[in-house]
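Student: Got two chains here, separate frames each, mind docking them using the hints?
Line by line, the protein sequences are chains E and U.
Using the working numbering, the letters of the first sequence correspond one by one to residues -15 to 98.
Using the working numbering, the letters of the second sequence correspond one by one to residues 4 to 117.
Think of the hints as simulated: they come from the structure by calculation, not from any bench.
For clarity, every value in this text was computed on a predicted model and none was experimentally measured.
Worth double-checking, as some hints may not be accurate.
Derived contacts from chain E toward chain U, CB cut-off under 8 Å, selection only [as the list claims (entries may be wrong)]: (1) Asn16; (2) His27; (3) Leu28; (4) Leu30; (5) Lys33; (6) Phe35; (7) Ala71; (8) Phe74; (9) Asn78; (10) Asn84; (11) Lys85; (12) Leu86; (13) Thr87; (14) Phe88; (15) Gly90.
Covered by chain E, per the in silico footprint, the following chain U stretches (three or more residues, Cβ under 8 Å) [to be verified]: (16) 42 to 52; (17) 92 to 104.
Ideal Cβ positions, reconstructed from N, Cα and C, are used throughout, including at glycine.
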Amino acid sequence: AQSVSQHNHHVILSEAASLELGCNYSYGGTVNLFWYVQYPGQHLQLLLKYFSGDPLVKGIKGFEAEFIKSKFSFNLRKPSVQWSDTAEYFCAVNAGAAGNKLTFGGGTRVLVKP
Amino acid sequence: DSGVTQTPKHLITATGQRVTLRCSPRSGDLSVYWYQQSLDQGLQFLIQYYNGEERAKGNILERFSAQQFPDLHSELNLSSLELGDSALYFCASSVGAASGGEQYFGPGTRLTVT
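Isolated chain U, as found in the complex (with noise of 0.2 Å):
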């Protein structure tokens, strides 16, 4: 157990709906970040908070977004989703912000879009 929690584990929706995934980080961890495990794409950086602010973009569509709240959960928000955005999605946190810091990772939520 890495100390990051992620919910839901699964999730099953519809093309064109939007979904909330939640990430709380391991205590004491200020840093969050959002990861996507496709089979075609492989495991590819989303985004990155720290201590509630943006700090570093990846491959993020526009139809996504997060955030970080003052208690320090992250939410990843997924909208009019296409059958390609089924995938796996990371959450992981790590203390700080700066490079090389380790990331613990969350067990992941897997979405299925029909």
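So that you can see chain E by itself, here it is in the shape it has in the complex (with noise of 0.2 Å):
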């Protein structure tokens, strides 16, 4: 069965650091992978996603993310983070079976401060 770990539960930081969340999958086949933020009492939204191709993806916000297919791994990173990008950080992978079931990580709450 296919899972996915984040490594950091939480993550404090100051305006204008730098930001990178650990994910890592188990699955051996060919995979989708997301990640998705959900902001204070909102709703899960998209960042980003690789399909294929240029293993580094550009999301939105400046986020982005790096596939190594060696290493089942996708992080995520924001080189200059803002106060705004207070949130939960989930990663997911869909993989394999039929259908389009997402599997989400632990997430990892992300507090910046101003």
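Tutor: If you want it as structure tokens, here you go:
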């Protein structure tokens, strides 16, 4: 079965700091990878996705992620965070099975101090 | 606003009771997904429907059932409720059923079982 792990449960950083959130998945075949964000009191929104091609994917709001197949990783990065990036971030994988189910990691709560 | 609507926003009920959660997908989307988000289990896929037919099934309990109606809205029925069923239930929708399609999430229904 697929599984997704996010290494950090909580991250606290100051504005303008760089952010990197780790995500590892377990599945040997072709995968589709996603990062979703959930701002306080809001629904999940898609930040970026990887299906194939260039392993460096750019998303909305200045976020990017790098797919490293050999490491089964899909880490999320942002060079300079803002207070408005305070949110919970979820890595998700869709792989192999019929249908389009997403398997989510446990999430990382990010707090950006002004 | 993702275009996915869910009602009600909050639901408080007692153990042993039955509730129905409702979801309307984005206009044009044929697939509907249900996810459960709880503190101990995280975000878990429950079930996917595509154009009225069940497409994929996840960790959905036998006490839970879902359906998608001809107008494409979906209902998730939870019966014989237990304290552990308290969670946030998200609905998502996508255009197609195939792997990798972007899913748009609704605001969720928060269920509290007392």
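Student: Next, verify each hint and record whether it holds.
Tutor: Consistency of the hints with the structure:
no.: 1; hint: Asn16; verdict: holds (4 Å)
no.: 2; hint: His27; verdict: holds (5 Å)
no.: 3; hint: Leu28; verdict: holds (4 Å)
no.: 4; hint: Leu30; verdict: holds (6 Å)
no.: 5; hint: Lys33; verdict: holds (7 Å)
no.: 6; hint: Phe35; verdict: holds (6 Å)
no.: 7; hint: Ala71; verdict: violated (14 Å)
no.: 8; hint: Phe74; verdict: holds (6 Å)
no.: 9; hint: Asn78; verdict: holds (5 Å)
no.: 10; hint: Asn84; verdict: holds (5 Å)
no.: 11; hint: Lys85; verdict: holds (4 Å)
no.: 12; hint: Leu86; verdict: holds (6 Å)
no.: 13; hint: Thr87; verdict: holds (7 Å)
no.: 14; hint: Phe88; verdict: holds (4 Å)
no.: 15; hint: Gly90; verdict: holds (5 Å)
no.: 16; hint: 42 to 52; verdict: holds (count 5)
no.: 17; hint: 92 to 104; verdict: holds (count 9)
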